[in-house]
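Please take these sequences and the hints and turn them into a complete structure.
Below are the chains, spelled out letter by letter.
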Amino acid sequence: MKMVIAIIRPESLDNVKQALFNAEIHKMTVSPVRGCGQQKGYTENYRGSIKTINLLPKIRIEIVVNDSFVKPTIDAIISSARSGNIGDGKIFVMPVEEVYRIRTGETGSEAIG
Amino acid sequence: MKMVIAIIRPESLDNVKQALFNAEIHKMTVSPVRGCGQQKGYTENYRGSIKTINLLPKIRIEIVVNDSFVKPTIDAIISSARSGNIGDGKIFVMPVEEVYRIRTGETGSEAIG
Amino acid sequence: MKMVIAIIRPESLDNVKQALFNAEIHKMTVSPVRGCGQQKGYTENYRGSIKTINLLPKIRIEIVVNDSFVKPTIDAIISSARSGNIGDGKIFVMPVEEVYRIRTGETGSEAIG
Amino acid sequence: MKRKFSIGLLLFLFICMSFSFAAFATEKGTSLPDTFTAQSDEAKIAFRDAVGVTSAQSAGDTAFMFASTVLVFIMTPGLAFFYGGMVRRKNVLNTMMNSFVLMAVISIQWLFFGYSIAFGTGGPLFGVGQYLGFSGVGAAPSVYAGTVPHTLFALFQLMFAIITPALISGAFAERMKFSAFLLFSVLWATLVYDPIAHWVWGVDGWMSLLNPNAAFQALDFAGGTVVHISSGFAGLVLALMLGKRKEKSTAIPHNIPFVLLGAALLWFGWFGFNGGSALSSGGLAIHAFLTTNMAAAAATLSWMFVEWIKTGKPTVLGAATGAVVGLVAITPGAGFVTPVAAVIIGALVSPLCYFAVSYLKHKLGYDDALDAFGCHGVGGFFGAVMTGVFATTTVNPFGKDGLLYGNPEQFLIQLAAASITAAFSVVMTFLIMKAVGLVVKTRVAEKDEMQGMDITQHGEDAYPDFSSDQSIA
Amino acid sequence: MKRKFSIGLLLFLFICMSFSFAAFATEKGTSLPDTFTAQSDEAKIAFRDAVGVTSAQSAGDTAFMFASTVLVFIMTPGLAFFYGGMVRRKNVLNTMMNSFVLMAVISIQWLFFGYSIAFGTGGPLFGVGQYLGFSGVGAAPSVYAGTVPHTLFALFQLMFAIITPALISGAFAERMKFSAFLLFSVLWATLVYDPIAHWVWGVDGWMSLLNPNAAFQALDFAGGTVVHISSGFAGLVLALMLGKRKEKSTAIPHNIPFVLLGAALLWFGWFGFNGGSALSSGGLAIHAFLTTNMAAAAATLSWMFVEWIKTGKPTVLGAATGAVVGLVAITPGAGFVTPVAAVIIGALVSPLCYFAVSYLKHKLGYDDALDAFGCHGVGGFFGAVMTGVFATTTVNPFGKDGLLYGNPEQFLIQLAAASITAAFSVVMTFLIMKAVGLVVKTRVAEKDEMQGMDITQHGEDAYPDFSSDQSIA
Amino acid sequence: MKRKFSIGLLLFLFICMSFSFAAFATEKGTSLPDTFTAQSDEAKIAFRDAVGVTSAQSAGDTAFMFASTVLVFIMTPGLAFFYGGMVRRKNVLNTMMNSFVLMAVISIQWLFFGYSIAFGTGGPLFGVGQYLGFSGVGAAPSVYAGTVPHTLFALFQLMFAIITPALISGAFAERMKFSAFLLFSVLWATLVYDPIAHWVWGVDGWMSLLNPNAAFQALDFAGGTVVHISSGFAGLVLALMLGKRKEKSTAIPHNIPFVLLGAALLWFGWFGFNGGSALSSGGLAIHAFLTTNMAAAAATLSWMFVEWIKTGKPTVLGAATGAVVGLVAITPGAGFVTPVAAVIIGALVSPLCYFAVSYLKHKLGYDDALDAFGCHGVGGFFGAVMTGVFATTTVNPFGKDGLLYGNPEQFLIQLAAASITAAFSVVMTFLIMKAVGLVVKTRVAEKDEMQGMDITQHGEDAYPDFSSDQSIA
Ligand SMILES: Nc1ncnc2c1ncn2[C@@H]1O[C@H](COP(=O)(O)OP(=O)(O)O)[C@@H](O)[C@H]1O
Ligand SMILES: Nc1ncnc2c1ncn2[C@@H]1O[C@H](COP(=O)(O)OP(=O)(O)O)[C@@H](O)[C@H]1O
Ligand SMILES: Nc1ncnc2c1ncn2[C@@H]1O[C@H](COP(=O)(O)OP(=O)(O)O)[C@@H](O)[C@H]1O
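Residue numbers (this note's numbering), protein chains in the order written: chain W, 9 to 121; chain L, 9 to 121; chain H, 9 to 121; chain G, 5 to 477; chain U, 5 to 477; chain B, 5 to 477.
Pulled from the structure, derived: some chain U residues nowhere near chain G, Cβ distances all over 12 Å:
#, residue
1, Thr125
2, Val132
3, Gln134
Listed next, the in silico DSBU-like pairs over lysine-lysine satisfying Cα-Cα at most 35 Å (straight line):
#, chain 1, residue 1, chain 2, residue 2
4, L, Lys48, U, Lys314
5, G, Lys314, B, Lys252
6, G, Lys451, L, Lys59
7, B, Lys367, B, Lys451
8, U, Lys445, U, Lys367
9, G, Lys250, L, Lys79
Because the hints were derived from the structure by calculation, they are not lab data. Even glycine gets a Cβ: it sits at the ideal position worked out from N, Cα and C.
Structure (structure tokens):
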């Protein structure tokens with residue numbers, strides 16, 4: 009089992025969700041984050057003091073899938089989150105050792121879905 | 009060392025915290041997230057346009073523990089976060105290679121607690 | 009490749025960012041979290057009902073780096089986030105199996121930077 | 005269920021509309037000299053002279069009462085923020101709506117029959133129908149306020165009729181079904197508020213200062229009994245009948261700046277509430293303005309002080325609460341007591357209410373969510389009684405002397421008026437709530453309570469993308 | 005581009021300043037008996053007697069009109085919150101600014117020439133320059149309001165001139181460039197609002213009740229045509245010309261309590277808007293106060309009711325919207341119709357507007373972001389026409405009878421006035437927008453729209469560290 | 005420490021209460037014809053005739069001054085939001101409280117002795133005790149305002165006394181201990197504000213327009229010196245004495261819509277502030293209303309313009325700041341200058357204050373957190389001096405001519421008055437702060453500053469569960 013973590017643009021969230029649903033991936037956990045990378049920031053001005061903001065709003069999606077689903081998940085995200093401009097984000101794949109469903113106590117692959 | 013990530017219902021947080029404290033697990037990092045799974049969403053209505061909301065409020069708890077503590081941690085969470093209804097959430101266990109305590113620079117098992 | 013997760017004090021964020029930049033680490037994802045540990049909480053009072061707050065505001069930084077960068081990253085964080093008082097936070101290092109850049113589809117080490 | 009309710013509503017609307025058209029038809033037929041008004045100065049002067057008031061006096065008094073009326077109006081949105089800031093994020097809209105919607109509901113109720121019950125003549129207990137649909141309520145002054153249009157007096161009183169049931173909603177916040185709340189409020193306004201207003205302020209009310217044949221003449225300058233005792237005790241009954249919130253222990257205010265905004269608007273509006281209760285511009289109105297401000301100030305400080313002693317820190321929520329209970333307590337006496345008495349009343353009410361909300365409530369175990377009873381019931385009762393202690397005819401020759409000015413009887417009268425009002429409100433609220441319970445469920449389902457009132461009652465989220473920079477939808 | 009605009013601005017400021025100094029120089033030379041005012045009572049009384057109004061009458065009427073004027077003033081910030089709460093988090097500041105900045109821009113425009121165009125005499129279409137720089141506008145009453153300083157009348161009208169272009173901004177929210185918006189607003193106020201105000205309210209306007217030689221005399225008590233139809237139809241044109249927002253589908257209100265605060269301030273201020281339109285304290289003003297409140301109340305309920313039927317849940321956003329459309333609809337008739345007619349107008353306008361915003365808009369496909377057209381255009385038109393149905397001289401002998409009182413002609417006049425105003429606004433808005441488009445880009449770049457108006461237009465973030473406990477910067 | 009403070013507070017309360025009871029006892033014994041007021045028309049008319057004012061005149065003027073007074077009242081909550089929105093999330097409650105609590109503290113101070121010091125007679129420097137506990141302050145008009153109850157004048161002035169120390173709190177936001185702040189404010193109000201008010205506005209003040217024997221007669225229509233210079237310079241001293249905030253660099257406004265709400269309420273209330281300073285309804289009051297609005301408008305635009313030039317983008321925070329400094333600058337001259345002069349004053353004050361807050365402050369290195377000095381000190385000084393340039397007796401025959409009207413002396417007088425007030429405030433603020441420092445710590449501990457003022461000073465969190473949908477506790 010793997011955890012796929014995707015950092016995407018806020019405005020892509022709807023698309024990405026749709027693409028995942030189309031790929032039969034229905035479970036995910038989402039949170040708002042701020043990211044810093046190649047993308048240029050911007051400046052803000054408060055009564056003449058200029059602040060440079062380089063942490064830009066992003067969305068982080070966390071999806072735990074069985075190994076066979078890693079590829080479709082990644083494909084779905086890449087195709088739906090790509091605008092081609094700097095700042096589209098990253099996907100990280102990490103190993104997961106065990107999964108439990110709290111409601112039933114099930115573990116492993118069954119618990120994922 | 010493992011990282012235990014639990015996605016639970018917002019209203020269970022107090023219970024879960026208590027259960028973890030009772031199991032002598034005192035350290036955790038918590039954040040608000042939104043999750044999508046089997047649980048049905050709901051609709052919102054803004055001047056006649058209906059929006060379907062399927063990302064529901066959840067709480068994400070991150071706990072890094074020594075291997076021997078994984079089981080008690082999971083037991084504590086499951087017992088305190090289970091309502092028996094769809095939407096109770098998941099627990100993911102992931103490997104952690106190293107831990108540092110910033111204050112002291114300690115590493116490994118000592119740094120965890 | 010590794011994911012370095014640091015939980016730090018909110019007030020250290022600016023310093024840590026600067027230290028990372030100085031160490032040539034320019035990419036990161038940041039989110040606000042609440043943490044519970046050795047640090048003492050505080051009490052709040054609402055019309056005579058006292059609430060004890062033990063989840064304190066923290067910042068979570070997530071950085072994915074090539075193995076050779078793990079050490080500099082950790083050093084930069086520790087040196088810039090340490091106040092010496094309880095509550096300075098932790099760093100967790102976790103294995104990452106694959107990285108994708110959404111914009112280009114690149115993978116592996118190239119995708120990280 | 006939803007279906008049944010919708011049908012009920014449809015019927016209700018239909019009836020209202022028929023009523024409107026009927027009323028309209030009647031109106032059309034008759035000429036309405038009362039509503040006659042003119043834009044030219046001569047016409048205005050002639051008209052007002054005819055009704056015995058000099059035009060210029062009326063212009064000033066009308067301006068004053070207009071300002072007072074709009075000030076009382078803004079109190080209800082103020083209350084929406086005062087209460088809305090104190091609930092959890094997931095319940096803020098429902099809580100605000102419980103105030104806001106009454107601006108609409110009670111306005112219509114008042115126009116068609118509420119005002120008639122409260123201020124029509126008819127008997128010591130309630131008025132009868134001569135003002136149905138505001139017929140006979142026009143530009144000519146009324147018996148209640150001799151220098152301003154009757155319409156203005158009726159609008160001023162409307163604002164009181166709106167805020168009173170809104171005050172109750174603090175008690176049952178975060179758990180009462182919206183449909184049950186609407187039904188309850190209309191019935192309560194009609195069967196509790198309107199009669200009590202008649203008793204205390206009607207020309208022929210049985211405890212009214214204006215009624216020479218009253219059983220006794222209670223002092224209630226701006227609504228200590230009529231507004232605060234009635235609503236506060238109703239809140240207690242509802243809190244008990246509905247039961248505790250499921251997650252009571254984690255309930256803390258989600259937005260204290262909103263609470264402060266609400267408190268500020270309440271304080272601001274209360275100048276119109278108490279000042280305007282003089283019903284004309286001048287010394288008495290300004291005296292009430294003064295006492296109102298001073299009681300609020302003293303109570304703010306004494307609440308802060310109590311907290312400082314008890315917990316080591318004065319809170320902002322506490323200061324705001326203190327201001328409100330000070331305003332509550334001075335309401336019945338604002339035009340009868342001296343400014344120094346106002347300071348004393350204010351300084352004493354906060355410790356009392358603090359005790360009620362921080363100790364008594366937990367001891368007795370009722371879940372008065374936002375302390376409608378602890379603030380308005382307790383503070384209002386205290387104020388009514390203190391009026392019987394501190395009232396003096398040197399401030400207002402048309403009032404009475406109190407205990408300290410050698411008239412212990414008035415003290416007992418105040419105690420009686422306060423107790424009777426409280427008892428009446430308790431019994432009626434209980435009966436109304438039982439009746440409402442026969443028609444609709446009064447409390448939301450447990451899972452709806454968990455999910456929050458905003459989504460389950462209104463299908464809305466107050467701050468849908470607040471925690472991120474886009475809509476997480 | 006930025007450079008060019010800055011230079012333009014610099015020039016503009018320079019011209020304004022020169023103008024100011026010139027005006028100032030002229031002023032200095034002449035004595036201004038008009039502006040003469042005195043603090044002592046004798047002087048005041050003497051002065052006012054001289055101008056034919058008793059001092060005391062004027063004191064009361066001035067107090068009333070002062071209160072009304074400040075009430076209308078607060079409506080624009082109210083609108084800022086009403087609109088600001090309805091947009092996405094990333095656009096809240098720009099949306100609020102579109103209202104707030106007009107308080108500054110239009111004030112200056114009004115002082116130097118706007119008032120002169122609208123209320124100066126000169127012809128049936130627009131006024132000429134006798135009031136440029138408020139020269140001749142002083143303490144002596146004007147022909148419009150015989151008992152209050154001319155200055156006060158001009159300030160009262162200023163508040164209307166401010167809010168009208170602000171209303172339009174709901175239509176193009178979340179995508180119009182700030183510089184284009186400023187340019188558009190000044191031109192629109194000058195070329196659309198000021199003339200229409202002259203037509204309808206000027207002593208020599210071609211459809212004015214005050215003009216015995218008018219082509220026809222339209223009834224518009226407080227601005228149904230002048231304010232709401234003009235702005236609503238302008239909004240429609242702008243929505244069409246600017247095109248849809250990119251991420252329209254995810255746009256939901258980011259802060260509904262702000263919407264409610266805005267609605268409450270609008271309702272509150274509207275008492276001054278409609279009440280003050282009587283231009284003096286007294287029965288007519290209070291009558292307008294009454295009808296205003298009742299229409300808002302009825303419309304709040306009927307919107308809620310429609311939603312309850314259609315979606316099973318009454319929303320808070322809906323209730324607030326209902327209140328506003330009720331206020332819009334009663335505006336032209338507030339001083340001409342009975343309270344029961346006000347209830348009927350209010351009850352009917354909500355279903356109509358609900359249909360416009362929830363069905364018509366999506367069907368026709370224009371992106372009127374915050375429903376400036378759906379609420380103000382549609383509601384204003386409906387109100388203007390209903391005034392022709394329900395108006396009666398028993399309420400206001402200086403008005404007209406409507407259809408139901410045996411005068412079908414007035415119905416047609418209202419229809420004509422509404423249609424002409426709408427058509428004029430549509431054509432002029434189109435032309436102005438074309439002209440603006442020649443000078444600056446009217447719509448922000450797509451990536452700026454994505455990033456949000458606040459950062460791209462103003463370099464600010466509304467709640468920079470709201471989502472965390474420190475500054476994530 | 006906490007213990008000591010609590011005991012101090014207990015003592016203070018005890019003293020206050022004893023005082024109240026004493027005052028009350030005295031009051032009781034004497035008859036108070038002054039406070040006499042009547043509800044019936046005849047009584048009212050008779051009473052007012054007796055004091056030489058026609059009742060109707062008084063009704064109108066009282067209505068006007070009542071409206072003005074409540075408008076000034078709402079400015080303090082407005083300031084709470086203006087300031088509260090500008091600080092970090094963790095300090096919002098403390099910042100708001102620093103304004104809110106003064107509504108309570110200064111009310112009590114004013115009632116018992118503040119008013120007496122400021123407006124009692126006694127000498128050129130301060131008044132003595134004839135109005136202690138508002139004795140002698142009743143329904144009869146005072147020497148200051150001949151047509152409204154003395155009480156109303158005293159309440160109007162109270163609102164000024166409240167907001168002035170609240171303005172200072174912007175300078176030391178995010179770091180001053182709450183107990184030290186309270187102590188400082190009471191002392192400052194008593195030893196700085198009350199005397200300066202006496203100097204400038206007292207009948208026997210040494211630079212008062214009302215005092216024929218004054219050393220010189222400074223023009224200060226509504227408080228340029230009394231309110232803004234005094235508070236602005238006090239802010240500078242406090243900023244210097246307390247030192248910089250630890251995390252100054254990351255401090256940005258946490259909620260700009262709150263700032264805008266605050267600015268709107270300030271602008272709204274300022275109409276009462278400046279208009280009401282005419283002390284009666286009529287042309288002069290309305291003239292001040294006009295100049296106030298125009299200066300605010302011009303300053304909003306010129307601030308925006310400066311930003312547009314300097315940084316390429318006009319900010320909302322800047323527009324709001326511009327409005328406020330425009331209001332500050334016109335305050336002393338509102339009833340003395342022409343509307344065009346008001347536009348010029350407004351247009352010039354923004355660039356000046358922008359320079360002060362964006363350049364001077366950083367250059368000189370003091371940490372005036374919310375620019376109390378940069379806006380009120382600088383803007384107030386500029387306004388006072390400009391009044392000496394633009395004042396003209398054609399606007400107000402009871403005023404003076406300024407430099408441009410051939411009276412350079414008045415220019416020097418204004419300069420002198422402004423400088424003396426500033427110097428007095430600087431010296432006294434320094435001494436008071438030293439004294440306060442002997443009793444309590446004035447600045448919070450570094451770790452408390454980090455954790456935030458709300459939690460450490462008040463034990464509260466402004467938005468505890470804002471970032472999630474439940475209470476993370
Ligand atoms: N190595 C990394 N570790 C953590 N987060 C990263 C990393 N690289 C990128 N991110 C996240 O992805 C976002 C987009 O990255 P950026 O470099 O701006 O664009 P791109 O991925 O298109 O080259 C960043 O804002 C950050 O949140
Ligand atoms: N595979 C997954 N990856 C990431 N998050 C998940 C996954 N499965 C469940 N979750 C999280 O757990 C929450 C509850 O899951 P859900 O399927 O609704 O109920 P249950 O776990 O009781 O079957 C979801 O809202 C989501 O946040
Ligand atoms: N084992 C852990 N798992 C998850 N988060 C942890 C763990 N230990 C510490 N943290 C995070 O680090 C923060 C600081 O830890 P704390 O024990 O208070 O101080 P210190 O690290 O200086 O001993 C906590 O608030 C929590 O967010």
